[in-house]
Amino acid sequence: MERRKVDILCVQETRWKGSKPRSIGEGFKMFYYGVDSKRNGVGVVLKEEFVRNILEVKRVSDRVMSLKLEIQGVMLNVVSGYAPQVGCELEEKERFWSELDEVMESIPTGERVVIGADSNGHVGEGNRGDEEVMGKFGVKEMNLEGQMVVDFAKRMDMAVVNTYFQKREEHRVTYKSGGRRTQVVLPDDWETTAEVIRETGRKVLGVSSGRRKEDKETWWWNEEVQDSVQRKRLAKKKWDMDRTEENRQEYKELQCRVKREVSMAKQKAYDELYTRLDTREGEKDLYRLARQRDRDGKDVQQVRVIKDRDGRVLTSEESVQRRWKEYFEELINEENERGKRVEGVNSVEQKVDKIRKDEVRKALKRMKSGNAVGPDDIPVEVWKCLGEAAVEYLTSLFNRVLESERMPEEWRRSVLVPIFKNKGDMQSCSNYRGIKLMSHTMKLWERVVEARLRKVVEICEQQYGFMPRKSTTDAIFALRFLMEKYRDGQRELHCLFVDLEKAYDRVPREELWYCMRKSGVAEKYVRVVQDMYERSRTVVRCAVGQTEEFKVEVGLHQGSALSPFLFAIVMDQCVRGGQTGVSLDNDVCR
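Every letter in the sequence shown is one number past the one before it in the UniProt record's numbering, and letter 152, counting from 1, is 152.
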């Protein structure tokens, strides 16, 4: 403050206990609101010479406080605020803005107000439609928190001051602490690395058409067969030009030789194929051949037209894209009605260890090769080929993501590919299921987080889905065995089967955060997972191109490496309430 000639400074995340003024040296005094949980905390630091000008100190909460000063006949209200970060529950965010509203309403008209707050939001570049409250020099795209800032400024007839000054990107939001860069720099760092990888790949490997590789009938072809076929063609031309017996005999001999070599080449190729299919590496080839054979047997493999809601066939590319976007946007953003949860749960605040290299190596080893890439066009094979250099870079990257609780914006994007269910009308969107393609690097990050969550979360023994060394076939066997025993004993057995419609797509995210906390997951990991779901967007890739981007605000990510275990956590908390037992005719059912 002395170096930058600052007389009054609003600070956040003080994390001090108590709520009293404290001299901090160099002629400055701090008024703060402390907490016992070592979270949040706000304060105002001012020069000692202004302390006698203080008329009122109002401590509202660990996120909002204000000071009223009289300076040269002017009433100045200084408000310090700390908005809930991205990923916090909406109720907590609304409570913060409600408290800020109350402070503003308590200030008499005519008094001046300055708010110094960490709003944890981006108001976006440009100010179209918001010219009265902000300038053109915001940062990135507007997010939900940034929209709340703009809405507040409109209600209170205020302005977002730092958007009126054009400065370098790093001076608008970023700060330095201990030589470490903040989360705002992280995405740019990743974008630079990702672009270098993509550009190198284009130069060295080239760019494919992206179309499916079709298996030709001559997949067994080799150079010997090709040479023999070429000699046979020349002999045929020679005989056509000069029909002598000698030329005819030469052509017939070459024709027989080609037939023998083709038969031998086919037999050799089939022997090699069967040998490869018996290995673990050949398993993927077996499925590929089966899928290719299934596709070849279909009359229609892909449709470029689709029907709208009313059954009318859409033929133009724009209307088809619009329909796909409309269908999936409604499908994956629909949430079942439910009662609002009243009970809360205490968060687990504990120190989280840094990501280690061996964790990244294990996660990288678990990633399968040959899968379709996400929107960033960086396959996991890149990291596997780079070896130890990749492990070092990814460990550093993941630690920065863990520390900042912010992952690169590029990882928030995905691509939905409609896959026909092989039943019903091919022109109806409802007969397709969406396969989501996500960034392989993000899925690698998810695997690191998943491995840590599995160590701290205890899932009940009765959970067979998405659990290591368990399978739903075990549950089916146990149920059949139980039924046989009850039938032999001529006793009644009551079973309840619940079919969850679109289970992944309908999981309420607020319930997911609740279940994670209920399962004892550290709050740091809860915020990390919340960030994975913040501002997620997707497009639909159909036969006529890609649709416009739209938000995904409900449910778990399809195609995610972490989603199966998150779903298991939710289901575990759902069934725990039914494990106390219910008495039926003196029998206890669980």
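Hints are not guaranteed to be accurate.
Unchecked claim - The calculated label-pair distances, taken between Cβ atoms and stated as ranges, are:
#	residue 1	residue 2	range
1	GLU224	LYS423	29 to 39 Å
2	TYR287	LEU479	50 to 60 Å
3	GLU549	ARG291	28 to 38 Å
To be verified - Straight-line C-alpha distance at most 20 Å; calculated SDA-like pairs for lysine to any residue:
#	residue 1	residue 2
4	LYS232	LYS203
5	LYS268	GLN249
6	LYS136	TYR164
7	LYS237	VAL225
8	LYS455	GLU523
9	LYS365	LYS351
Simulated from the structure, these hints should not be mistaken for lab results. Values in this document were obtained by computation on a predicted structure and should not be read as measured data. Even glycine gets a Cβ: it sits at the ideal position worked out from N, Cα and C.
Evaluation of the provided hints:
1. GLU224 - LYS423: 29 to 39 Å: Cβ of GLU224 to Cβ of LYS423: about 46 Å, so the range 29 to 39 Å is violated.
2. TYR287 - LEU479: 50 to 60 Å: This hint is violated: roughly 30 Å between Cβ atoms.
3. GLU549 - ARG291: 28 to 38 Å: Holds, since GLU549 and ARG291 (Cβ atoms, about 30 Å apart) stay within the stated range.
4. LYS232 - LYS203: Measuring from Cα to Cα gives roughly 41 Å; hence the hint is violated.
5. LYS268 - GLN249: Between LYS268 and GLN249 the Cα gap is close to 29 Å, so the pair fails against 20 Å, i.e. violated.
6. LYS136 - TYR164: Distance ~6 Å between LYS136 and TYR164 Cα, so the pair holds.
7. LYS237 - VAL225: holds, 19 Å
8. LYS455 - GLU523: holds, 15 Å
9. LYS365 - LYS351: With Cα atoms ~27 Å apart, LYS365 and LYS351 exceed 20 Å; violated.
Hint compliance for this structure: hints 1, 2, 4, 5 and 9 are broken, all remaining hints hold.
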